[in-house]
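Student: Below are the chains, spelled out letter by letter.
2 protein chains.
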Amino acid sequence: MIEPTIADIKEAAARISPYTHRTPIFTSATVNRLAEAEVFFKCENLQKTGAFKARGAINAVYSIAKDSAGNGVATHSSGNHAAALAYAARCRGIKAFVVMPENAPPVKIAAVAEYGAEIKFCPPTQKDREETLQAVVRDRGAVAVHPYNDHKVIAGQATAAHELLEEVPRLDALITPVGGGGLLSGTLLAVSASKRNTAVYGAEPAGADDAYRSLQAGHLIPVQDPDTIADGLRTSLGNLTFPIIQKYAAAILTVDDPIIIGTMKMLWERMKLIVEPSAVLPVAVLLHRREQIRANRIGLIISGGNVDLDYLPWQSGSKRKE
Amino acid sequence: MIEPTIADIKEAAARISPYTHRTPIFTSATVNRLAEAEVFFKCENLQKTGAFKARGAINAVYSIAKDSAGNGVATHSSGNHAAALAYAARCRGIKAFVVMPENAPPVKIAAVAEYGAEIKFCPPTQKDREETLQAVVRDRGAVAVHPYNDHKVIAGQATAAHELLEEVPRLDALITPVGGGGLLSGTLLAVSASKRNTAVYGAEPAGADDAYRSLQAGHLIPVQDPDTIADGLRTSLGNLTFPIIQKYAAAILTVDDPIIIGTMKMLWERMKLIVEPSAVLPVAVLLHRREQIRANRIGLIISGGNVDLDYLPWQSGSKRKE
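Residue numbers (my numbering), protein chains in the order written: chain S, 1 to 322; chain A, 1001 to 1322.
Possibly wrong hints are sitting among the right ones.
Quick list of the computed label-pair ranges, beta carbon to beta carbon [what the hints assert, rightly or not]:
id, chain 1, residue 1, chain 2, residue 2, range
1, S, Asp256, A, Arg1170, 50 to 56 Å
2, A, Ile1006, S, Arg294, 46 to 52 Å
3, A, Arg1196, S, Pro243, 55 to 61 Å
4, A, Ser1017, S, Gly116, 42 to 48 Å
5, A, Lys1127, S, Gln292, 54 to 60 Å
6, S, Arg294, A, Thr1027, 50 to 56 Å
7, A, Arg1297, S, Asp67, 41 to 47 Å
8, A, Arg1297, S, Ile25, 25 to 31 Å
9, S, Gly218, A, Glu1166, 32 to 38 Å
10, A, Arg1170, S, Ile25, 24 to 30 Å
11, S, Phe121, A, Ile1119, 52 to 58 Å
12, S, Pro222, A, Gly1093, 18 to 24 Å
Listed below are the simulated BS3-like cross-link pairs for lysine-lysine, each with C-alpha atoms no more than 30 Å apart in a straight line [as the list claims (entries may be wrong)]:
id, chain 1, residue 1, chain 2, residue 2
13, S, Lys247, S, Lys265
14, A, Lys1265, S, Lys120
15, S, Lys265, A, Lys1120
Derived from the structure by calculation, the hints contain no laboratory data. Computed from a predicted model, the values in this text were never measured in an experiment. Virtual Cβ for every residue (Gly too), placed ideally from N, Cα, C.
Take these sequences, add in the hints, and give me the full structure.
Tutor: Below is the structure:
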């Protein structure tokens, strides 16, 4: 399959604009000082549904032909993609089916339910999730929308970097988190199409560093037993996102959880913005792997702000297994 | 003394602009739906030092004549005004002396110390604080800058509403928190000078409702044993702020702490913004005293975002007496 082009990204930007925010770009004197750079935060935590995932989900859902869309859409993500898909389906006036493990955190169940999705609970194994999703697709005729391994989703995620480059044209570097690779690969395509001299880095938790390992090995290595607070980044790259990352990314840089948690608290304190652990990765990498990023003007995509406010990672005894 | 005029406010706006942010104005689909109104959030939590107080402190510090400023400035606030005064003094390159009670929360001490102020600790009584401040003024020649009962401070705080009205000209109502009354009286003057038909409300915690009582009685009634989570609003109106509020305010509306805490959590979840308890008051009043506010387009001043992230008010066992 041919990777999305700049035409696809522009088409996505036009398609999603009625249903998504053009998110603000913030700066922080504190972060500039610590990084010894000019840093621009593209704040997707202020996006509809609280994460960039709304971009890809809207682009995918509105790209489905009318004949096929009538039976709704489906996914087995339990995180930000599930809420985004539910939101996108509600915007289009179709059904969303979301397969969630029985032990999913109540706050995530509530977020998906609030957007009007029909939730299908299943035992908490990958096999059960996939089988339950297949059953929904088979029995209800719903269209499955993958959280990242889908060119419409990738083109949608690309619009965040596309907007950032429109407003801040000269960037030496751009950093995004990397989980399944939808945001990173979309960003890479947007930057590549811009013909600018901007190095793009993926920021990954050390406890789920499959992108780093896959690039080193030259082939996809799925993550085994991911162990990180960054719940949005525990997934593995897909066969559509990996080749794009392999082709264009400057590097994958990793940091461990204590750094992620410390940086998260610093951002809450200094920028007064609620950012989720996964969204902290670009800042953590910027401040703690600085010597590997040769750049003076740096864009960061702050991917989301969905946090269970009753369990904050810097509070002792509040860490919660999912 | 004559209250600040629109010329004073414009002068303040010009004076503070190199050292303060023109803060963004946000909207929230959730709040609009709940309030059945178009609501505009002037986000002073994103202001320098994390609160609108930077405006008044900068205006006051830069208004001191060169001959008098050399010995520095002083205050006995331990909250946002202290950090703002320390910041303003650092901008001007003069000393700041901040008198704080020995039992002040470490997070507040750190904030003031970080801006380079010299901290003078004293026993935690109002009398000790005032005497220690007087000693600093007498012995060091520092100029005391009151947190709100000062026309330069009031003119500085007025610039927030001034900016909001520039960007959102047609507002039926504007709501600010009220503690000592600096922000509310400044807002009233800015709105009054604008000649627009905008009703201005003060939002006050029921546990520190001296502004409400003072307006009812027609004379200043200082607060007795304030009991509220909104730590920035435990103070009493001053003899400069009260007459302005008496003359121009549409009403003072109060809500109790459980409403403040619930609204605060909702704002963190929905808007992904860190707002402190005092800053929540305008939203809490809008949603819970809606019938008393006849307006369709409503501006709110979100006064600050300085919160001890280790003690969040909705977490059981985390409430901390100060």
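Student: Evaluate each hint against the coordinates.
Tutor: Results for each hint:
Roughly 52 Å separates the CB atoms of Asp256(S) and Arg1170(A), a value that falls within the hinted 50 to 56 Å. Take Ile1006(A) and Arg294(S): their Cβ atoms lie about 50 Å apart, and the range 46 to 52 Å holds. Between Arg1196(A) and Pro243(S) the Cβ separation comes to about 58 Å, which falls inside the hinted range of 55 to 61 Å. Distance hint check: the CB atoms of Ser1017(A) and Gly116(S) are about 46 Å apart, consistent with the given range 42 to 48 Å.
Look at Lys1127(A) against Gln292(S): about 57 Å separates their beta carbons, and that is inside 54 to 60 Å. Arg294(S) and Thr1027(A) have their C-beta atoms about 39 Å apart, which leaves the hinted 50 to 56 Å range violated. A hinted range of 41 to 47 Å holds for the C-beta pair Arg1297(A) and Asp67(S), which are about 43 Å apart. For the pair Arg1297(A) and Ile25(S), the beta carbons lie near 26 Å from each other, so the given range of 25 to 31 Å is met.
The beta-carbon spacing between Gly218(S) and Glu1166(A), approximately 57 Å, falls outside the hinted interval of 32 to 38 Å. Separation of Arg1170(A) from Ile25(S) is about 27 Å and conforms to the stated range, judged on CB atoms against 24 to 30 Å. As the Cβ distance of Phe121(S) to Ile1119(A) is approximately 55 Å, the hint placing it in 52 to 58 Å holds. Checked against the hint of 18 to 24 Å, the pair Pro222(S) and Gly1093(A) fails, with Cβ atoms roughly 57 Å apart.
The suggested pairing of Lys247(S) with Lys265(S) is violated, with an alpha-carbon distance near 34 Å, which exceeds 30 Å. The hinted pair formed by Lys1265(A) and Lys120(S) meets the criterion: a straight-line CA distance of about 29 Å does not exceed 30 Å. Simply put, Lys265(S) and Lys1120(A) have alpha-carbon atoms about 28 Å apart, close enough for the 30 Å limit, and the pair holds.
In summary, the numbered hints that this structure violates are 6, 9, 12, 13.
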